[in-house]
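**Student:** Sequence:
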Amino acid sequence: MINNSLIIIFSVLFLSGCASLPENTNRTKSHAFTDTHGTSLGQDVQGYREQGQTGDGFILLGSGLDAFVARAALAESAERSLDVQYYLYHNDQVGKLFTGFLWQAAERGVRVRLLIDDMGLEGRDEGVMALDSHPNIELRIFNPFDRDIGRNAQFVTGLGSVTRRMHNKSFIADNQMAILGGRNIGNEYYDADPTLEFADLDVLAIGDVVRDVSKSFDAYWNSSLAYPAKTIISKRHSQEELQERIDYLQEFMEEQQTSNYMTALLNSELAQQIRDDDIPYIWGDAIVVVDHAEKLAKSRDDNELHLMTQLAPYFRGIEKELIIISPYFVPGQEGVEFFKSLTDKGVRVKILTNSLSSNDVAVVHAGYAKYREDLLRAGVELYEMNKTLTRAQRKEKKGVGGSSKASLHAKVFVLDRKQVFIGSLNLDPRSFYENSEIGLVIDSIEIAQGMAEKFDADIAKNTFTLELKIDEDGYEELLWHGYEDGNPVTFDVDPYTGFWRRFGVGFMGILPIESQL
6 MINNSLIIIF SVLFLSGCAS LPENTNRTKS HAFTDTHGTS LGQDVQGYRE
56 QGQTGDGFIL LGSGLDAFVA RAALAESAER SLDVQYYLYH NDQVGKLFTG
106 FLWQAAERGV RVRLLIDDMG LEGRDEGVMA LDSHPNIELR IFNPFDRDIG
156 RNAQFVTGLG SVTRRMHNKS FIADNQMAIL GGRNIGNEYY DADPTLEFAD
206 LDVLAIGDVV RDVSKSFDAY WNSSLAYPAK TIISKRHSQE ELQERIDYLQ
256 EFMEEQQTSN YMTALLNSEL AQQIRDDDIP YIWGDAIVVV DHAEKLAKSR
306 DDNELHLMTQ LAPYFRGIEK ELIIISPYFV PGQEGVEFFK SLTDKGVRVK
356 ILTNSLSSND VAVVHAGYAK YREDLLRAGV ELYEMNKTLT RAQRKEKKGV
406 GGSSKASLHA KVFVLDRKQV FIGSLNLDPR SFYENSEIGL VIDSIEIAQG
456 MAEKFDADIA KNTFTLELKI DEDGYEELLW HGYEDGNPVT FDVDPYTGFW
506 RRFGVGFMGI LPIESQL
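Residue numbers (our numbering): 6 to 522.
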């Protein structure tokens, strides 16, 4: 019996290794519209130009409610095109609302190009095909899994292929306005999850930089790894099945008009500013930094295709201060040495990442934890997210349900309080070498200074400050200093964690898997 089972297992793995995707020859190349200055959004941008504004305009979207309102407003205002690119796209309340806004735009005649990584689409082929059935919507799946073979088997046999994912996140309306940042599409990113709040950040941009965001989207859309949904999904769904999905979506959108979440959206700060026609853009200049679209099809060591190659000169030019916010942070020894080279020349390096209790990916925390002492010895100021929101913070929270747990998800670097990076990039090997990423480097003292000041204010309230202290016996002791409901607390183990969770993370930390974290 055991031998027969082994034969079956190895046969499945062998067959999955032999499986291949269909030829991606049926895709038609398309590009962003360039003649959109006459659209409503184009006229809005032109109005700022006539007021004498130069460069690019930015709105920081720290609130999850504001972040969804911005996307919904652009979807409702678009007249020619919506180009949408995401890593994860959940089929929850926010995901359905977002899909509903895209569908309504398509019904108005807007061309919708939707590019989604396949990581989060398992079991959702019928919904994908229903959306793709609209004549004004085309959905492409990036780096798809073979539908005829189980995913677990593909992870084993396709290591280095299916494990490389499109992590980009962008939303572009009429090639005039774009949103980039850390948020995927799902409840936890937009204050709609009653159990979890992601602390995240997006930026809405207008100006010439949007054209470069569109060029990046086009490169991924026309990539050999972007498959039309109908090419990958061989199962044919009846028109009745697809129509049932569409009818359900339309009913859902009608029901949501009176939901608590819709009320919260309408009462958000950005929604009020839109109604008052008083949108507070901050002006500066930005460039798009993005991994080459073919990065996932090439060697992971081909640095010329990597976003980090574009960011490196900015990091090398730092003179006074570097602030890093990265939810998944695995610096490696090379990273520790780089940060030490900065502190040795007098640069303050401040890093905020998730604590073990706030981290939603424990194995990544295992990759980070073993470098904490070295980072502190190198002079880095290290902070970890406090997962527990205070009673006051829960009361202030305007989303639905009042989340009791917070987790860091923003990816932000502030350089010398003059420039800021906002995007999808984590400081870990997976972002550097395995996945594709995108972000903006914004040259604006107002934005950079404001974010640095907010960072300094927030770390006192919402984080643990890590200290490497020499105890009375002369040994180093790692301590976490923070606050619990306004009262100072100190921990000598990872806060709010049990023994077995710490043991499991410690065990994962000795496994040779850092390159995949």
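For the record, the hints were derived by calculation from the structure and aren't laboratory data.
From a predicted model like this one, the values you see are computed outputs, not experimental measurements.
Heads up, some of the hints might be wrong.
Stated by the list, open to error - Dumping the calculated DSSO-like pairs for lysine-lysine here, alpha-carbon to alpha-carbon at most 30 Å:
no., residue 1, residue 2
1, 474, 345
2, 345, 34
3, 355, 410
4, 220, 345
5, 350, 474
6, 345, 375
7, 325, 101
8, 355, 220
9, 466, 423
10, 101, 34
11, 466, 375
12, 355, 345
13, 303, 235
14, 410, 101
15, 303, 325
16, 459, 350
17, 355, 466
18, 101, 240
19, 350, 410
20, 459, 423
21, 325, 34
22, 101, 303
**Student:** Run every hint past the structure and note whether it holds.
**Tutor:** Hint-by-hint comparison with the structure:
Note on residue 474 and residue 345: the hinted pairing holds, with a Cα-Cα distance of about 19 Å set against a maximum of 30 Å. Among the hinted pairs, residue 345 with residue 34 is inconsistent with the structure: their alpha-carbon atoms are about 47 Å apart, more than 30 Å. With a CA separation close to 24 Å, the supplied pair residue 355 and residue 410 stays within the 30 Å bound. For a cut-off of 30 Å, the pair hint linking residue 220 to residue 345 is broken: about 37 Å separates their Cα positions.
In summary, the hint linking residue 350 to residue 474 is supported, as the alpha carbons are separated by about 24 Å, within the 30 Å threshold. In summary, the hint linking residue 345 to residue 375 is supported, as the alpha carbons are separated by about 16 Å, within the 30 Å threshold. A hinted pair counts as satisfied when its Cα atoms are at most 30 Å apart, and residue 325 with residue 101 does not qualify at roughly 45 Å. Pair hint residue 355 plus residue 220 does not hold up; C-alpha atoms about 33 Å apart against a cutoff of 30 Å.
With a C-alpha separation of about 25 Å, the suggested pairing of residue 466 with residue 423 holds against the 30 Å cut-off. A distance of roughly 28 Å separates the Cα atoms of residue 101 and residue 34; the hinted pair therefore holds under the 30 Å criterion. Between residue 466 and residue 375 the alpha-carbon distance is near 25 Å, which keeps this suggested pair within the 30 Å criterion. Pair hint residue 355 plus residue 345 holds up; C-alpha atoms about 12 Å apart against a cutoff of 30 Å.
Of the supplied pair hints, the one linking residue 303 and residue 235 holds, its CA atoms being roughly 25 Å apart against a limit of 30 Å. Distance restraint check for residue 410 and residue 101: the Cα-Cα separation of roughly 24 Å lies within the 30 Å cut-off, and the hinted pair is therefore satisfied. This hinted pair does not check out: residue 303 and residue 325 have alpha carbons roughly 37 Å apart, beyond 30 Å. For a cut-off of 30 Å, the pair hint linking residue 459 to residue 350 stands: about 25 Å separates their Cα positions.
Our distance criterion of 30 Å between C-alpha atoms is met by residue 355 and residue 466, whose separation comes to about 16 Å. Between the alpha carbons of residue 101 and residue 240 the distance comes to roughly 23 Å, so the proposed pair stays at or under 30 Å and holds. Proximity of residue 350 to residue 410 is assessed by CA-CA distance (about 38 Å); at most 30 Å being required, the pair is judged violated. At roughly 15 Å between alpha-carbon atoms, residue 459 and residue 423 fall within 30 Å of each other, so this suggested pair holds.
Taking the CA atoms of residue 325 and residue 34, the gap is about 46 Å. The hint is violated against a cut of 30 Å. Of the supplied pair hints, the one linking residue 101 and residue 303 is violated, its CA atoms being roughly 35 Å apart against a limit of 30 Å.
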